[in-house]
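All chains should be built: construct the whole structure from the sequences, respecting the hints.
Those sequence lines, one after another, are chains W and H. Residues 1 to 687 in this note's numbering are what the first sequence lists, from first letter to last. Residues 1 to 163 in this note's numbering are what the second sequence lists, from first letter to last.
Pair ranges (Cβ atoms, derived):
| id | chain 1 | residue 1 | chain 2 | residue 2 | range |
| --- | --- | --- | --- | --- | --- |
| 1 | H | D134 | W | I319 | 35 to 45 Å |
| 2 | W | G555 | H | M38 | 14 to 24 Å |
| 3 | W | I338 | H | D144 | 36 to 46 Å |
| 4 | W | L633 | H | S111 | 52 to 62 Å |
| 5 | H | Q14 | W | N314 | 36 to 46 Å |
| 6 | H | E34 | W | G648 | 17 to 27 Å |
| 7 | H | M118 | W | I319 | 43 to 53 Å |
| 8 | W | D600 | H | Q14 | 41 to 51 Å |
Don't read these hints as lab results, they were simulated from the structure. All residues carry an ideal CB built from backbone N, CA and C; glycine is no exception.
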Amino acid sequence: MFSDEEISVFLDELEEKIQVLNENILVLEREGGSQEALQEIFRAAHTIKGSSAVMGYDKMASLTHEIENLFDQMRKGLLPVSGPLVDTLFMALDTLQILRDEIIGKDVSVDIEQVVTSLKQFQGIGSPPSPGEAPESGRGPSKQPAGAIDDGIGEVEEDVIREAELKGLQAYWVTVQLDAGCQMKSVRAFLVFETLQQMGEVIKSQPPAEDIQEGNFETGFRVILLTGEDPDRVRNLLMTVSEVAKTEVNRIKLAAGQEVREQAASDASAEKTEQAARADHEVKTVQTVRVDVQKLDTLMNLVGELVIDRTRLNRFAEIFEGRFGSGSGDMVETMNEISSHLGQVAGDLQEQIMKARMLPVAQVFNRFPRMVRDLAQKLNKEVDFIVEGHETELDRNVIEVIGDPLIHLIRNALDHGVEGPEERVRLGKPRNGVLKLKASYMENHIIITIQDDGKGMDPVKLRAKAVEKGLINGEVAQRMSDQEALNLIFLPGFSTVAKVSDLSGRGVGMDIVRSHIEQINGITDVSSVPGVGTTFTIKLPLTLAIIRALMVELGNEQFAFPLTNVVETISVKAEEIKRVKHNEVILVRGRVLPLVRLSDIFERETCAEMDRLFVVVLGIGEKKVGVIVDKLLGELEIVIKSLGDYLGKVPCLSGATILGDGQVALIVDVRSLVKEIGVEEAVYAAS
Amino acid sequence: MAKGEKQIDSKEDQMVVFQLTEQTYGIDIDAVFEIIRMEAITRVPRTPHFVEGVINLRGKIIPVIDLCKRFNLPLAERTSSSRIIIVDVGGNTIGMIVDGVSEVLRVPLDSIEPPPPMIHGIDAAYLRGIAILDGRLVILLNLDKVLYEHEQSELQRFGVETA
Chain W
1 MFSDEEISVF LDELEEKIQV LNENILVLER EGGSQEALQE IFRAAHTIKG SSAVMGYDKM
61 ASLTHEIENL FDQMRKGLLP VSGPLVDTLF MALDTLQILR DEIIGKDVSV DIEQVVTSLK
121 QFQGIGSPPS PGEAPESGRG PSKQPAGAID DGIGEVEEDV IREAELKGLQ AYWVTVQLDA
181 GCQMKSVRAF LVFETLQQMG EVIKSQPPAE DIQEGNFETG FRVILLTGED PDRVRNLLMT
241 VSEVAKTEVN RIKLAAGQEV REQAASDASA EKTEQAARAD HEVKTVQTVR VDVQKLDTLM
301 NLVGELVIDR TRLNRFAEIF EGRFGSGSGD MVETMNEISS HLGQVAGDLQ EQIMKARMLP
361 VAQVFNRFPR MVRDLAQKLN KEVDFIVEGH ETELDRNVIE VIGDPLIHLI RNALDHGVEG
421 PEERVRLGKP RNGVLKLKAS YMENHIIITI QDDGKGMDPV KLRAKAVEKG LINGEVAQRM
481 SDQEALNLIF LPGFSTVAKV SDLSGRGVGM DIVRSHIEQI NGITDVSSVP GVGTTFTIKL
541 PLTLAIIRAL MVELGNEQFA FPLTNVVETI SVKAEEIKRV KHNEVILVRG RVLPLVRLSD
601 IFERETCAEM DRLFVVVLGI GEKKVGVIVD KLLGELEIVI KSLGDYLGKV PCLSGATILG
661 DGQVALIVDV RSLVKEIGVE EAVYAAS
Chain H
1 MAKGEKQIDS KEDQMVVFQL TEQTYGIDID AVFEIIRMEA ITRVPRTPHF VEGVINLRGK
61 IIPVIDLCKR FNLPLAERTS SSRIIIVDVG GNTIGMIVDG VSEVLRVPLD SIEPPPPMIH
121 GIDAAYLRGI AILDGRLVIL LNLDKVLYEH EQSELQRFGV ETA
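Quick look at the structure:
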């Protein structure tokens, strides 16, 4: 049996190859029979076939075998790329994916027969009616009597040649023509074989080797030679064998599925592309180094210790200087030097480890082109899907969370945004809709935008809809700005399409999207122009482990508010605070803002009542709350740490962080804080 | 049971011995991770009364409890000999404030007596036993019980109340 390690490597590779297949089949569909794409596909399918057979996954091996056969024909130009063909290929890929899931223990079972049958049907189209006719249909006029040649390279030889190519060897068809009057054909042939074997390996001959050795051939025969030698040298050496009238050495290029006569120029370039392809491949292998995130977290903690020790070293240097005075001048200086260098290294180290936790957003984006294609087909829409910023890197935790919201937004854009082709033409828009998914950096954030050029959203309709659904009353609706009206779509239970489709429009969508994004400290925004299109913008922190926070003081302790939840800070006079029943409120720009004292929430003593109070205005969605604190200390970048299992979930706290001097500051969980106040509010409202 | 086997092998346990309101207590050395000096503790609101707060132990946030408060003993003043014993129990690293750590003692297993129902205000449920060593009475604590038994219910109660 294979170890878990081996299986997991296999699964990783499989995932990667399936992705390659997906991407390149999309390319095929878009651009027709691109040789490059076919090449990639063929290689990927071949790899899967090989490794799944070795691992003993027979279903997968036989399925990929059929896929490979099909691609072989496409590669040879025997089978044109067509819509139904692409559909079948995608179906086969999906089956492959299911087979993969089967391996990782998901409870699925799949019957590959149907897919294999449809794959075979296409092969039926592609394969020649009789073997003899095949070459003519697929070949250019300049080819030499190639029918026989093509038949000569079977699958086994192909595999051997490929392997040899990886080792830097080349495969050649060596054709040897003996003198017509040669008396000792078998001997000459033997000598030819001897000569060839000095230079490389003969893996096949026509007619078969036994026949040749016994002289059972006309005047010529040919062999496949694997060698690292120059073809000219091969030819020259063969000519030294007496009674050899003519030799030809032709390079076999499996890459193109055809053999091409030795031509210095073209060959050189072909070799280059092959090398480049190989280089690409190697880069990918490097990317799959896997490290347990736990290890990175441990490393991160170690770096933290380093930083703290450095602070201690600094302090010690001061004491040292104080005690031994100027007499120790040099030593103190050296110590400071060491300390600051230590700090620098620790900082760099921290940054690198943070980066190691990052993954390119391509991890998520890569599955979208296929999804968009399938959806568009289902909806009878024509869409150009543009993806930008694949390489943008995000913390792996963030990547895990953003997948679902993005899928939802893309579905929405296709379903509700982009119009059908006829309607677009009627509206004077290009027939194909454009859906653009883009990721980019902006300061300490990642911005992901999903932009369509569809029908957009009409604020007037949105208002009406929200009133109709009873989400807001008419008066509020009238007061709303257009932007606020757009934000109505994020309300739970809001769905603008009357007809519920299976794609989107279940009315659970946008509020879930927003809350998912908020979970990871992100912000969702929407802008839309009726008739022109809609853009969703998602702003995400680079990482979940580090956030920017507003530091405040209460008594003599520090607390951190995540900056994403801080709307503003204001300073108010004590007399501005009004009491409504038991609750304190203030008016901010004409709106009532409920107030709460941090000292009450956390049962702390506060500094004596002052004339001026500092209020941190927090916002979760549409909800705003003001929190009175003793002092505002400013913004800080903090590393979030858990309070641990022993304390469990402490109300209104989401964790703690270690400050520069080694002290611990608590991080306020704004979400639960606002919720708690919300409960009180509800009680008050009900009374 | 691993512990049982070990006791048979060694015929004695090593105990970290510490002071708490002028009494001597012992805990199994295997549970002790390290012993550190008192340092500034950040109080954590809305936790059980015996949870003093959290400290930063080389980059990790560690909860610290006050054993005096835990056993409802009269509170001793913190002095320069006060220590935090960092223990690893039940998969959690937890700090315990004690008045002072004196030594590591070898306690022969046959010198351990079953605890009386109540000793110095501490319920026998939290005790592993008592031992008389060099004429001193050492109260051996059962850390699993001390840290988890009541705490868990109290911690949970807090969670429920505020949820």
